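Two chains, two separate frames, one set of hints: put the complex together.
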Amino acid sequence: MGLFNRLFGSQRPTSREVAKSRLQLVLVHDRVDLSPQKMQTLKDELISTISKYVEIDVEGMQVNLTQNGRQCRLTADIPILSARPKR
Amino acid sequence: MGATVITITSGKGGVGKTTATANLSAALAMKGKRVVAIDADIGLRNLDVVMGLENRIVYDLVNVVEGACRMRQALIKDKRIENLYMIPAAQSRDKSAIRPQDMIDVCDQLRPEFDFILIDSPAGIEQGFRNAIAPADRICIITTPEVSAVRDADRVVGLIEAEGKGPASLILNRLRPQMVHRGDMLDTADVLDVLAIELLGIVPEDEDIIVSTNRGIPVVMENKSRAGQAFCNIAARLLGEDVPLMDLEEKPSSSWLSKIAGLVRRG
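If you're matching them up, the sequences are chains R and E in order. Quick note on our numbering: the first sequence kicks off at 52 and runs consecutively. Quick note on our numbering: the second sequence kicks off at 2 and runs consecutively.
Just chain E, with the same shape it has in the complex (with noise of 0.2 Å):
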């Protein structure tokens, strides 16, 4: 059988891709799978720092679908965590250094050694995003709650689908329940309202992320953030496990109490 192929995806830059791939990539590994997370930017590498494993990189991707090196050379072990690998993006390279047909091999070489390949696709619809999509098994799309977020995703799941490559599911990150409460964001019911396609999970604004990959330690390593538990969560999805939604909602409700503590503690 081999591994699965997953890539994430998304449409719009900075909505979470990267940090989706280095947590789901661990959080799968620490259930035990086999995991290689491949950085399919090329050009504009970015899920080794994310995953703290940039120190240790000799050889990329393009190096690899030239032949400049083997497989072998160019999969870096993550010392943290049993059965994680990343392979990294040419840096100096363009898009154009690689067509659908690398990825796929690539993959093909892959598969019997790993449960699951997860590729960080380029934001963008063009060849990088076409690379990235063509070995997926299964397509995440990322998006956070914002018009212009949300229009690109559903850009990338019309393309998907005619791609054959659908249905893809998505992953709402940066939701912030508070904002929601008071009517300022979209809502996760009203994002799947308009997208149409199937959930797989939702995660928080949390201030961890920014700290984790500060470090380069992927978030669902360390504490249990909120995040860290989404992303663990939704690891355990992608096994087939059900797992329900997390509470988002249970802030709200000592608001008026957070806030004169906010008040006592800017006085």
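In isolation and in its complexed conformation, chain R is listed as follows (with noise of 0.2 Å):
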């Protein structure tokens, strides 16, 4: 099935892949003791107190939980929008 993939240029990743990258999903929240649901909350929460200072780009907004071997790290990547008054 994997070679058949490959071969015909599937785009449907092996259940290998899939597990490998629904264990890292999971475990960077067990690991933090962060849902899903408390991430989206912390952002909101990043999102109300950056803006009372800056203006800023919440679709380009990316907050992750990434890791680097058993280090985690909460990264914020947060454009922010032309400091000067538009008009």
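Certain hints may be false.
Claimed, not checked - One side of the interface only, derived from the structure: several residues of chain R facing chain E at Cβ under 8 Å:
id, residue
1, T65
2, S66
3, R67
4, A70
5, K71
6, L74
7, Q75
8, V77
9, L78
10, D81
11, G120
12, R121
Claimed, not checked - No farther apart than 20 Å at their CA atoms in a straight line, the calculated lysine to any residue pairs in the SDA-like style are these:
id, chain 1, residue 1, chain 2, residue 2
13, E, K13, R, V79
14, E, K13, R, D81
15, E, K13, R, Q122
16, E, K13, R, H80
17, E, K13, R, R82
18, E, K166, R, R82
19, E, K166, R, Q122
20, E, K166, R, G120
Since the hints were made in silico from the structure, they are not lab data. None of these values were measured; they are calculated from a predicted model. Glycine included, every Cβ here is placed at the ideal spot set by N, Cα and C.
Listed below in structure tokens is the structure:
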């Protein structure tokens, strides 16, 4: 199946690949005890806090938990909209 | 100096803790070490049947802890291998019959007499697990290449680190190289990538394990099955020997031949 997919260019990932990505996602949340729901709350609060100081592009904002070995990292990439008032 | 205490644990049940404890204990004893295997799964005693020593039990771990017998009376000597002993768990009690300090005391009493003390931990992360890791000098986490088992293993890795008992090392059990090859099973590299701990060994899926458990003869004692070889290699690594990982990748290249053979047999 894996070989067939590769030969004929199927986009469907193997179950091994699916397992690994599901594991990575669930583990990073397990390790810091942050559920996806809590992550959303955190993101919302970040938006409201930062918006007090600068205008941000909420659509382009990325907040992620990543891991390097057993070290977890919370990264926020928040595009700031032009500081000058557009008028 | 005395014995090194090694605890085998996993988080999830049914991934091979007891099989690994029985085989590593036997393999270490076959290499001339004095070994005692302790079943710490109070209430769900199983190491005795896997090792084939169930008919010889008189006293158990809880009896020792409560002072109902002396240590010597609870030690069951394996008659097949020199210097291999086992202490069974109590069957009619539960985990609360023992505290972590009891396990430390039991091991301290055994240390001068042995080179290795292997502890078969119960599944889970509650008191039974805490008891099992309390006296450990090193901890081996065993998992299978499945999302549920790896997830539980990760939880245990975290708890062991939090207890200051790390770093734990990993035994990857029941790997099926052909499934990995066709993209349907997590590979060793995948598991190591997510768990980020040291690999102690890989044990391939092997029907001989079931047969040997049926008979109560650890697979390392009998033929040179692949799983038996893998456990012997792990035992050697525990002794500090530099043993390369087994080559598990030989089968897929001839798979079209074996498939034809399989069709013929089925037909």
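Hints, verified against the model:
1. T65: 3 Å, holds
2. S66: 5 Å, holds
3. R67: At 5 Å from the nearest chain E Cβ, R67 (chain R) passes the 8 Å test, so the hint holds.
4. A70: A70 (chain R) check passes; min Cβ-Cβ to chain E is 5 Å, inside 8 Å.
5. K71: At about 5 Å, which falls below the 8 Å cut-off, the nearest Cβ of chain E leaves the hint on K71 (chain R) intact, so it holds.
6. L74: L74 (chain R) check passes; min Cβ-Cβ to chain E is 5 Å, inside 8 Å.
7. Q75: At 6 Å from the nearest chain E Cβ, Q75 (chain R) passes the 8 Å test, so the hint holds.
8. V77: 6 Å, holds
9. L78: Given a least distance of 5 Å, the restraint on L78 (chain R) holds.
10. D81: Constraint on D81 (chain R) satisfied, holds at 7 Å.
11. G120: Where the cut-off is 8 Å and the nearest Cβ of chain E is about 4 Å from G120 (chain R), the hint holds.
12. R121: 5 Å, holds
13. E:K13 <-> R:V79: 19 Å, holds
14. E:K13 <-> R:D81: At roughly 15 Å apart (the allowed maximum being 20 Å), D81 (chain R) and K13 (chain E) satisfy the hint.
15. E:K13 <-> R:Q122: Roughly 23 Å separates the two Cα atoms, so the pair is violated.
16. E:K13 <-> R:H80: 19 Å, holds
17. E:K13 <-> R:R82: With Cα atoms ~17 Å apart, K13 (chain E) and R82 (chain R) stay inside 20 Å; holds.
18. E:K166 <-> R:R82: The hint holds at about 18 Å.
19. E:K166 <-> R:Q122: 18 Å, holds
20. E:K166 <-> R:G120: Distance of about 18 Å is within 20 Å: holds.
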